Amino acid sequence: MGKYFLRRIFYAIPAIIVISFVSFLLIQLPPGTFADTIAAQMMESGGVTPEAIKAIEERYGLNQPVFVQYWKWISGILLRGDFGQSFIWGRPVGTIIWDRLGYTLLLTGFAFLFVCILSIPIGIYSAVKQYSVGDYIATSIGFLGLAIPGFLFALILMFIGFRFFDQTVGGFFSPEFTHAPMSWAKFADLLSHLWMPMIAVGMAGAASLIRIIRANLLDELLKPYVVTARAKGLSEFRLLIKYPVRLALIPFVATLGWMLPQLISGATIVSVVMSLPTTGPLLLRALLGQDMYLASSFIMLLSVLTVIGTLISDVLLAIVDPRIRFQ
Amino acid sequence: MIDPTKTVTGDIIPGAAAAWHDTEASLQLASQWKLMWWRFRKHKLALVSGIVLICIYLVAAFVEFLAPFSTDRMISELAYAPPQRLRFLDRTEEGRKFRLHVYGYKYTIDELSLEREFKVDPDQKFDVRFFVKGEPYRMWGFIRGNRHLVGPVDTGAPFFLLGADRLGRDLFSRLIYGTRISMTIGLVGVMMSLILGILLGGISGYYGGTVDLIIQRIMEILRSMPTIPLWMGLAAAIPYYWSPVLVYFMITLILSVIGWTWLAQAVRGKFYSLKTEDFVVAAKLDGCSELQVIVSHMVPSFISHIIATLTLAIPQMIIAETALSFLGIGLKPPVVSWGVLLKEAQNVRVLATSPWLFMPGLAVIIAVLSLNFLGDGIRDAADPYK
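Note that the protein sequences, when read in sequence, are chains A and B.
To get our numbering, take the position in the first sequence, counting from 1, and add 12.
To get our numbering, take the position in the second sequence, counting from 1, and add 36.
If you are wondering where the hints come from, they were derived from the structure by calculation, not from laboratory data.
Fair warning: this is a prediction, and the values are worked out from it, not measured in the lab.
Everything hinted at is true.
Quick look at which bits of chain B chain A covers, simulated, 3 or more residues with Cβ under 8 Å:
id	segment
1	251–260
2	356–362
3	371–384
4	390–402
Simulated coverage check for chain A against chain B, where a stretch passes if three residues somewhere in it have a Cβ under 8 Å from a Cβ of chain B:
id	segment
5	273–283
6	309–315
Don't be surprised by glycine CBs; every beta carbon is placed ideally from N, CA and C.
Build the full structure now, drawing on both the sequences and the hints.
Here's what the structure looks like:
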């Protein structure tokens, strides 16, 4: 077990290194450096000196090869926790991203809970009662959930909320709670804001998981050990939970690994649509404004989160399924 | 084996034997593709989806003829005009008469919000005709024409079957034009993924060893990056001064950055399992070259699986393009795609007052749903011997 765990971590390290480099390179792709952007901005406000531009270029090593720039950036992060300076905001990136990242985690965490709570019971139900009305409804919901992209779903939910319940989304808290200390009332307020984006982000994942659980459980239900257990007089519910469901959940755990990147992806765009204070809208602005350190840091941190999520899911899988450990 | 045509007593039911021999023989003689078609035919939902998709692609092929107007024709005082109903009968003093027409609009301007409020005006009637002469166009860039499937006789008349957008442009025409871009971007993107996937997945599965390990790691890393932020980063890097065609191809390339990994995995798995099959070994021993073994022996045996994977990959690409264009970093106007059209519907207040702007969203959902069903049907039919 320990060996397997170590090997997985060992695999994750090069992945994280490559990801950090790709994230950095990505922002380097557009023509022109951000010194040009700054120069253009200074030009507008009047008073741009070649020395000032030179100073910026010097400070960030903009006229040096990309590897040197990357090294400056990544060593700053690793050694000093310094993510560089955001140009749009004129503040260090580190001060901007943390609470945004926290909200992204909050949203994906809740979306994940939603996915589990919705998909496991429905998946089990529609397998046990195959071809019943409930199964057909669940299957249709599953297909629709897969076909409606998250941001369209977010739009539909917002439209319904606005038109029929007079509720608008935007932010996680009502104004009166924004700066209030954490309390039950604040938590309730958070939930009342969170349900819409939570459903929008989690719907596609829930839909595919319902299908996966249903298919796996159907395979298990016909196996002889189930018949044996039933013949021995085990109650139907205990029988179900104790054996076939446990086995059917193994592929479920395996899918959690790719569920996380999907949820983070979905949260990014849903947040833009619903203007939530997560990383999504900020990342979009940073990309459009060529704010390279901010955008790179966001993409890198989101990807690292994903790698960690995949790692956790792999370890969980090894715990649940001994066959993987001994491979 | 028990002969099902014989009854317990051993009498042969006349006719039944012949019928049984017929089906049995045709089953055994049928080619793999024929068996697959029979299997596919049973999946009714997939069949219907296939027909829907053929219709959608026909629309995409003949947009210039099907759309009443071009994408930039606007009547600016009719911004956000609601959809009109096509009326067939005209009530006059002499009784009812068949006359295709639409009613005009009259509007009042709200003094506070300066918004126009539209009402149908039955006194204004605009004649509509099929195969009407309208704006000239060049189909596929070289066939000249000016006939449109349906349109107003007077080209300046208001004719908004799905309402008008922010600038008073016809949403129906724009939706039809968007079909071409949105539906082909999935195809082109999948083609690019296919080339990459077969090449790299094939190498990975056929040779194995270190090459396999490296390609596997690359795939893992690419897949562990959250797709939308990755796409956003790549799409934002497209220079704004590039021509729309170039942007279009860049976007398809960006979409296939992740897409190829799934195809490569499917191809690799197939190569891996087929490598040791008897018929492959036999072909090798017969002295077939490596390329020949792959192209004429291995590929035909898993092509149907690849087609299923491809069909299921297209909707992902369509969704991705829509998402990027919706965010404003994919395709940009004057190019018209469903995502570009949906960008107009971004504001929920606008959407609440003019819900018809969501129509492109419905188009996306229908297209994606049909592609998913079709892919499911093909996947089930892909292995007819099961």
